[in-house]
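Participant: Chains X and R, in that order, give the protein sequences.
Going by my numbering, the first residue of the first sequence is number 1, and it counts up by one from there.
Going by my numbering, the first residue of the second sequence is number 1, and it counts up by one from there.
Rather than coming from a laboratory, the hints here were simulated on the basis of the structure.
None of the values given here were measured: they were computed from a predicted structure.
Among these hints, one or two may not hold up.
[As the list claims (entries may be wrong)] Sample of chain X residues at the chain R side, in silico, Cβ under 8 Å:
(1) 16
(2) 46
(3) 49
(4) 50
(5) 89
(6) 93
(7) 95
(8) 97
(9) 100
(10) 101
Every residue gets a Cβ at the ideal spot worked out from N, C-alpha and C, and that includes glycine.
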Amino acid sequence: GESVGLHLPTLSVQEGDNSIINCAYSNSASDYFIWYKQESGKGPQFIIDIRSNMDKRQGQRVTVLLNKTVKHLSLQIAATQPGDSAVYFCAEMGFKTIFGAGTRLFVKA
Amino acid sequence: DVKVTQSSRYLVKRTGEKVFLECVQDMDHENMFWYRQDPGLGLRLIYFSYDVKMKEKGDIPEGYSVSREKKERFSLILESASTNQTSMYLCASRPPDRGFYQPQHFGDGTRLSIL
Numbered sequence: 001g002e003s004v005g006l007h008l009p010t011l012s013v014q015e016g017d018n019s020i021i022n023c024a025y026s027n028s029a030s031d032y033f034i035w036y037k038q039e040s041g042k043g044p045q046f047i048i049d050i051r052s053n054m055d056k057r058q059g060q061r062v063t064v065l066l067n068k069t070v071k072h073l074s075l076q077i078a079a080t081q082p083g084d085s086a087v088y089f090c091a092e093m094g095f096k097t098i099f100g101a102g103t104r105l106f107v108k109a
Numbered sequence: 001d002v003k004v005t006q007s008s009r010y011l012v013k014r015t016g017e018k019v020f021l022e023c024v025q026d027m028d029h030e031n032m033f034w035y036r037q038d039p040g041l042g043l044r045l046i047y048f049s050y051d052v053k054m055k056e057k058g059d060i061p062e063g064y065s066v067s068r069e070k071k072e073r074f075s076l077i078l079e080s081a082s083t084n085q086t087s088m089y090l091c092a093s094r095p096p097d098r099g100f101y102q103p104q105h106f107g108d109g110t111r112l113s114i115l
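Hey, can you work out the whole structure from these sequences and the hints?
Facilitator: Have a look at this one:
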């Protein structure tokens, strides 16, 4: 069946460095992908999305890359800040939405 | 900005009780969802609704029911709470999919403990 998963459950980065969080998906027919950020005690917050007709999309300090050939999605955070510490998870939207389990990002000062 | 409000942040109930979790959204979205979130399992869909008085089962509907009497409100009901329903419950809403998908907007969750 379809699945969306993350390669690493935790990621620790130094403040100011770039962070890369990965996601694999298995449904090649999926055409819309979302990254969410979930801070402790809060609900998931939309960060950025990308449709399957694109390879890259940039936001403010965040970039999402989509590689349809290997069914891989990544979230890049530039100049990571302490406020970026959270759980990040991807979502794959087709007939139903499938969420990854999440990666916890720790930012070291 | 979309606002999805869940009535309780923390709730403690006893086994066998009937539990109501309430969710209200202010963006006139047709689609509303209830998920539970457990460590290592991600978000699992319990029920969703695409219109008033309409409901569809998600992946794990057993032990739950829902009510959508008004467009802005979607309630999750635990008919007879059990300890394995201790979890974080998340409500979400989304505009209708008119030719393209749009993201879901989430509330801050209700952490429910069943003793």
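Participant: Each hint needs a verdict: does it hold in this structure or not?
Facilitator: Results for each hint:
1. 16: Since chain R brings no Cβ nearer than about 29 Å to residue 16 of chain X, farther than 8 Å, the hint is violated.
2. 46: For residue 46 of chain X, the interface hint holds, since the closest Cβ of chain R sits about 5 Å away, which is under 8 Å.
3. 49: holds (6 Å)
4. 50: Result: violated, 11 Å to nearest chain R Cβ.
5. 89: holds (7 Å)
6. 93: holds (5 Å)
7. 95: Check failed: Cβ of residue 95 of chain X comes no nearer than 10 Å to chain R, outside 8 Å.
8. 97: Interface hint status for residue 97 of chain X: holds (7 Å vs cutoff 8 Å).
9. 100: holds (6 Å)
10. 101: holds (4 Å)
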